[in-house]
Amino acid sequence: MIPSKFDYVRVNSIDEAIQQLQQLNGEGKLIAGGHSLVPLLKFRLTEPGALIDISRIAELKEVRKEGNRIVVGALNTHFQVANNQIVKEHIPVLAETVRQIGDIQVRNRGTIGGNIAHADPAADLPAAAHVLDAKIMIQGEDGAETMDMESFVIGPLITMLPENSVLTAISFTIPPSHTKSAYLKFSHPASGYPVIGVAVVAGVDENNMIDYAKVAITGVGDVAYRATAVEEKLLGQELSETVIKEASQYAAEDGEIANDLFSSEEYRRNLCKVYTERALKAVLF
Amino acid sequence: MTKVVGTRLKRKEDPKLITGHGSFADDIQLPGMLHAAVLRSPHAHAVIKKINVEEALKVPGVVAIYTGKDLEGKIGPVPTSWYVPDCDLKEAPQYPLAIDRVRYVGDGVALVIAEGRYAVKDAMYLIDVEYETLSPAVGQKESLKDNAPLVHDDIENNLAFHWKAGTVPEEVCEKAEASVKQSFYVQRVAPSPIETRAAIGRYNPGTGELTLWCTSQNPHIHRMVLSEVLDITEAKLRVISPDMGGGFGGKIGVYPDEALVGFAARDLCRPVKWIEERSEHFTAANFGRDEVIDVEIYGQKDGTITALRVTNTHNVGAYLSTMGPGVSTIDFGLMITGIYKIPYASCETFGVYTNTTPTDAYRGAGKPESTYQIERAIDLFAKEIGMDPVEIRRINMAQKEDFPFTNAQGLVYDSGDYEKPLTKALEMVDYQKFREEQKELRKRGKLVGIGFSTYVELCGFGPSKVAGGIGFQGGIWENATVRVHPRGSVTVYCGTSPHGQGHATTFGQIVSEKLGIPMDDIELVFSDTKSVSMGWGTYGSRSVAVGGSSVAIAADRVIDKAKKIAAHELEVSVEEIVFEEGIFSVKGSPSLQRTFKEIAKSANMAWNLPEGIEPSLEASSYFDPENFVYPFGTHIAVVEVDKETGQIELKRYVAVDDVGRVINPLTAEGQVHGGLAQGIGQALWEGIVYSKDGQNLTGTFMDYAMPKARFFPKFETAFTETLSPVNPIGAKGVGETGTTASTPAIMNAVMDALEPYGIKDIEMPLTPEKVWRAISESEGK
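Chains as they are written, first to last, in our numbering: chain A, 1 to 285; chain B, 1 to 781.
This is chain A alone, in the form it adopts within the complex:
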């Protein structure tokens, strides 16, 4: 596979990246790990005039705790995220999720910022982002702004990332300390993408009542979604297998479930229930 001709420029700061984007006037495309962009280039599905390499901008590589949130710089590779002490300690579901992305090569090169900015409907990461109330941190021509996942990703491969701006980091809520979490995935045998991926963060209080429940599902439709119907059925209930089973029946409620060659909408609706039930059991029992 051979891409069409493009120029290449490396930038060393966010400001420089924004300047380049402005100068190139829509012809420039940011590249970091390249694991979403390069396949598109090879198929000539995208033909940018220039690639702006942001992979060496140091300020995009930080991971830090800020109050009740963890901020992960956009340039962290999946491997780095999965093995980061702060992430493992405070938001382990993120580590568990990114550990299941692609294969070793993809995890070594692909970045968390690139993954979110690409907005692949079949990606693993959005499930974890949703249960951790991720905020997308953006720097653009007019300064910094923050968006939540729902308003950032509006369709398959379509985001609200403003023109001439850089996704700089993603910040995640630290769930209460008594909660536990899991990411349960059914990998497509060819692509390795989730046919379904369910992320759960949940916990019970001292009376065995479910007091925290975040469930998000990816891979089954155009965008990943929070299964709020499931969460509502769980919250305030005393933990039991029946409660989990009944709540899981609503797993497909909040999503738009799609057909593809490998699995129909009907089958995916079934998977939503089964995988949500199994993920909840893994977390709560």
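Honestly, the hints are just simulated from the structure, not real lab data.
Hints may be right or wrong, so weigh each one.
Derived contacts from chain A toward chain B, CB cut-off under 10 Å, selection only [what the hints assert, rightly or not]: (1) F186; (2) P189; (3) G192; (4) Y193; (5) V195; (6) F262; (7) N270; (8) E277; (9) R278.
Even for Gly, the Cβ is constructed at its ideal location relative to N, Cα and C.
With chain A fixed as given, assemble chain B onto it according to the hints.
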């Protein structure tokens, strides 16, 4: 004598390959080399109205662009090499570039030649082709119908060939106490070698010699066919297969692309390189299988099978590939009864043209399909009469004393002892214990199942007079020359053409044991028509049985001559010379001896040779076996089905194969493992799917599920050794056992797991959704 044959030697080929010193087609760089790309049709069926290359020619570095019309009269059609007789075979000419009509997505439309790979691609995208699309014929059953679009206007009903063998008298069916009818689809799959196809042409205008490096499993067949297509004598055409990353049958075929590269190199008098891209491979390289198989099996309630009727409707694609017509006829139709003594059998095969990529031989070619239908049918028959799947096999299989055994279609199986691997495999899996555990697990709602495949395959192609009889356009004998150099090392020239099988190791072991010299003193030369006098290549598990035998015979001839020289030097008669472990000694006087190296020197120096003995120490063999070989065995799969999702977990896989003499157990196991991955892949994951308009919906590895190592449990393999009487080694062939045996073993295991639901069959591949649906539908009943 030191044992070399039968020992687990590591592959001689590997250090080179794993340290990056291999030389694959893409490693070849020639001065002044140009690059080529083929623009391919995006439509399954269309008329070419106009091709405009003006813009493309403006791209800097573009040297030439050829269309089908430009090549008319300059390059011939690429023919099939298997004219199966008595089946009204109709061959449509396949020109290397489509002239006025494209017939599948991937059909070549224009050839672009430029100074670099980027220029080639940039130009290719600028060629403007105006098409008028036509309705395509896609599935084989629909394409046979009267109102189906015609792929080739003069070929009625798209019927490429209609072949029949055997008859089943109606009264046999009427008298049967039980019968089962079932339709199976052995789906289209992509052989997917890790290296795609490639060709490099170099023309020497001084000598008129054209050298073509190409990814061929059979360079001499390529030379023979391309010499006709390119109108050049075989003496001036040299075909070389460099190191290759697999073939699996997909590189047997002589392809239009290879002819185009040869043509362009000669036309432009500059070297030309073409490397196929992976997505191109998914449209333009031959696929395998794609056969709808309708089976009727008849028998008695005591388990005796009395008759088998089979119809195979084979999707051959848009053109007949090199081996294509033989796959669903000879290879399939004569083997439909498997290991069983079924008195009556018939097979009718319809070869159907469609607007899809051609299909050709794929690892096993015909035998996996024949094994699939009989091993599935016998299980269904056992279910029908309430008999254990092992028992029904034992009742019907040919017994040791039946050999040589003639099957219902008249093939004579060389040797066999089917009980031996069956017993061993049952022990390994502990069948009785499994059935007890299964009962317990079923009570707890767990769906576990066990599946059997007791197979036999036709391998080791073969006797050449049979090749002629079945319309194969080649001899299938094999050639080897063993050349002993003055200081005692040896070069062996072979007509087979390895591309991952490890023949340098296994053939080396044969020579090492024969001549009593170290492996390091033996070099093997394959795959070059200029250094190897003749050969028919590597496919059909023939290399050791035919090629290895030829090597053994040539080595024996070297020893015969060397003995005469040794006897002369030691002043005794030849009868008194004993040759062991590389030493010629005199019977009764072991201190009187000559080493192999000493005789090598004597023969080459020729200072003191016996009368009538010519100098040099070299011998050749042109071995043509008296029969095919028939490897066999028992494979057993154990699976668990997740009833909520339909996902299948392969818990255990036991393979006991009898491939005759095992030259190297390590490489033989490797062959079994690779074959299993592909055969199990066919059952569970792989499948090329076309849309109604003839687009391949599974044209990348994002959708086409090639199995990965982590999909499999640790394979439990073993061999039994029943030697073949038809070659001097006793070998049978191991390359295709895995694909032949494993597909039905997996299916039978899953159907056994689903028995509580009364599910009898699900079409391959067994995707979780299909299994889940079958369970849901049966629960709904």
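Status of the hints after comparison with the structure:
| no. | hint | result |
| --- | --- | --- |
| 1 | F186 | 7 Å, holds |
| 2 | P189 | 4 Å, holds |
| 3 | G192 | 9 Å, holds |
| 4 | Y193 | 8 Å, holds |
| 5 | V195 | 8 Å, holds |
| 6 | F262 | 7 Å, holds |
| 7 | N270 | 7 Å, holds |
| 8 | E277 | 9 Å, holds |
| 9 | R278 | 9 Å, holds |
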